[in-house]
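A.B. asks: Protein sequences appear in the order of chains A and B.
Taken in order, the first sequence gives residues 41 to 468; the numbers are from the working numbering.
Taken in order, the second sequence gives residues 41 to 468; the numbers are from the working numbering.
Hint data in this document are derived by calculation from the structure and do not stem from the laboratory.
Check before you lean on any hint, since a few could be wrong.
Pairs count within a copy or across copies, as identical chains cannot be separated in the list.
[To be verified] Listed next, the in silico EDC-like pairs over lysine to aspartate or glutamate satisfying Cα-Cα at most 20 Å (straight line): (1) LYS109 to GLU279; (2) LYS304 to GLU252; (3) LYS220 to ASP440; (4) LYS151 to ASP139; (5) LYS304 to ASP239; (6) LYS318 to GLU426; (7) LYS318 to GLU308; (8) LYS304 to GLU253; (9) LYS449 to GLU217; (10) LYS243 to ASP369; (11) LYS449 to ASP228; (12) LYS151 to ASP420; (13) LYS318 to GLU251; (14) LYS449 to ASP240; (15) LYS74 to GLU251; (16) LYS109 to GLU418; (17) LYS243 to ASP461; (18) LYS151 to ASP424; (19) LYS243 to GLU253.
Number of protein chains: 2
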Amino acid sequence: MTAVLDTQVPPPAGVRDGAFGNATHLVCRACGEKSPLGPFYACMECFGPLEVGYDFPRVTREQIESGPKSIWRYAPLLPVPADIATFRSTDPGFTRLVDAGNLAADLGVRKLWVKDDSGNPTHSFKDRVVAVALSAARELGLNVLACPSTGNLANAVAAAAARAGIRSVVMVPSNLEQQKIIASAVYDTTLIAIDGNYDDVNKLASEIAGEEEGWAFVNVNVRPYYAEGSKTLAFEIAEQLGWRLPDQVVVPVASGSQLTKIDKGFSELIKLGLVEDKPVKIFGAQATGCSPIVQAYEAGHDVVAPVRPNTIAKSLAIGNPADGPYVLDVVRRTGGRIADVDDETVVRNIVRLARNEGIFAETAGGVTLGVTARLLAEGDLDPDAETVFINSGDGLKTLDAVASHVGPKTTIPPRYEAFTDFWRSYTA
Amino acid sequence: MTAVLDTQVPPPAGVRDGAFGNATHLVCRACGEKSPLGPFYACMECFGPLEVGYDFPRVTREQIESGPKSIWRYAPLLPVPADIATFRSTDPGFTRLVDAGNLAADLGVRKLWVKDDSGNPTHSFKDRVVAVALSAARELGLNVLACPSTGNLANAVAAAAARAGIRSVVMVPSNLEQQKIIASAVYDTTLIAIDGNYDDVNKLASEIAGEEEGWAFVNVNVRPYYAEGSKTLAFEIAEQLGWRLPDQVVVPVASGSQLTKIDKGFSELIKLGLVEDKPVKIFGAQATGCSPIVQAYEAGHDVVAPVRPNTIAKSLAIGNPADGPYVLDVVRRTGGRIADVDDETVVRNIVRLARNEGIFAETAGGVTLGVTARLLAEGDLDPDAETVFINSGDGLKTLDAVASHVGPKTTIPPRYEAFTDFWRSYTA
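Pulled out of the complex, with its shape left as it was, chain A reads as follows:
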């Protein structure tokens, strides 16, 4: 395998050889300037976002298949050391790729799979990205794992830090629902409630990341490593399909990082010769109440104007998405599209997925299935092509969204005659 780089950037002092596996440098996605591997996320030249660059060795299918049943089977393709599986982590990933035959029939498509990330340790795809961020933090000598969050990310950071035995700090708006606070606080994280909205929390987190030493804000100063974790969704889809790529993939979009990294993951598999080269159309899904990238896409813009979120799909409610321009690039380049659905459609599609496949998704899953149905109806998704959509989280975390839409079919006294009266009319 030839190097992807002409020159290697030396790692920072104090970092062990191989700390980032086959990663060799950070590179600015805007201007292409290289930086060393470190706790950096913005280009020194142009303030553009940094991402991880590699010099991959030869990697075989057999090597991957003989690895652990977690994202660490793909360690050679991630910025993690070769001995990563020996460290305590939540070992996320290798979730089910569900052959969704009932849903395919319901939607009128030939072949459809659901990549069901509700099976991760804290029941969302965030376990993947946090596990890689945790490794970077450890290798860089950072000793506090932190994040601003309103839900899934807080759960994942608190759980991963507990398991790894390092301190975590999770910052949330003080008016957050009690149940989301419990589901993070139970891990004994240092949960700090902030009297303010999510934007206030986020701003404070960035200030702390800039001022304090030793802090790894997973989605701020170790974001380039964190984001690489999402590539494992692409790797698993390909491996679980028998080492081949699907024709089209529908991905929920918040910051947009997951979508761009799935595209990057497919490209790396092709470059490494692990799958046959073929085009994969990438589609994005947003809720209408927070669809800044859809608005830019439809206006033909390359940049994304921020919006104020107002949707039940709170895990996708990022009004100023960091990867917005890159999402636009990927969907345009691959022949995909980004579209949105309203909150009522989100709820209907949570129920549709549950009823057809026995998978209870959080609101983001309802967004993604809803957009899949819309793109089929509007002719953007090919019903004869092989399609995968991502379910990124778990319905148990967003029960309120469906609470007023589902319930008992009847209430009866505990008598056999009462049952038979109901059953005969119900099944008539």
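Following the hints, put chain B in place on chain A, whose structure we already have.
C.D. replies: Chain B in isolation, oriented as in the chain A frame:
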């Protein structure tokens, strides 16, 4: 491999050859009388409970390891057809066996693993037993999958039936918490609320099972098949330890079926030569507020007197456990014990597991860890022996149990100085 039976009991008319794989008959656990494989659960002679008997062929580790990453890799050891993996199911099992080093240090034991069944499709071990019951229902031509339940079982039945495309009926007390109703109703099951307590619901379910044709009440008339699903916990533990048995296992006890089937599973692995023969001590865990088997154990009785449950561990709150006598037999025969902990201890141990290993268990997990700690303190569990305990469900389903025990460490305004003031005193 020699047959375990002298004679085979012919399958009922209309059931295809191989419908139950290597299972050959049902046998009464009380009097030993054989019955054919069918929708039977009580002995015709003595009304004793029936269980599945087999004539196993040779089964190899390699054969199992090359199977699907679900309970179906153990299909030859279950009452399911050889082509079971071609049917739509939720494909549960093969959940993580977590090497719990932090918890081991906290408890002062040498080696400890958590078998974490919160990773199943509906986040409890019930997915295992329901998947096997669903197969039996299909092979027997039953077309309604049903259960009385107050939680995990309802979720598992509704999801499995949705995925399989068959009708389901879930019966719950009408005063059940709204969130538990939602988490089942979302699968579009026929959820029937019964104006009565759980005993009333259970009684009505048994009456329907006796009167109506075509109904498979998973935990009533197809219970012998259903219960076999729990053996897969034992199979997975052994395989994940590298095809060997642990020294001692701690198991949550409701009906007691899971505990007896884990013991049966280990015995079958030994008989088949898949693991080396060695004794495994089996320990049971109940909540003090529903500990009828503990009471019988401590009184030296062989039968269990029913109690009225009063505990936050609702998934273990069966006051009249069907497998009570068999649990007593297993724990006495293997040199184990059954013990209980109070509700305050349950909550403390939910937090202890979360804080140490990043695993958020439902109340049953708190019971099991609490009893593990108690048995260590009282000298019944050997701290130098290899120990596994079962986490059977997910903390997201029992948030109320910990709601008043965990929360933010502080609430501050969104200013850096407010943060540093807190942080300096907090870390001083």
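A.B. asks: If you test the structure against every hint from before, which numbers come out violated?
C.D. replies: Failing hints, ascending: 2, 5, 8, 10, 13, 15, 16.
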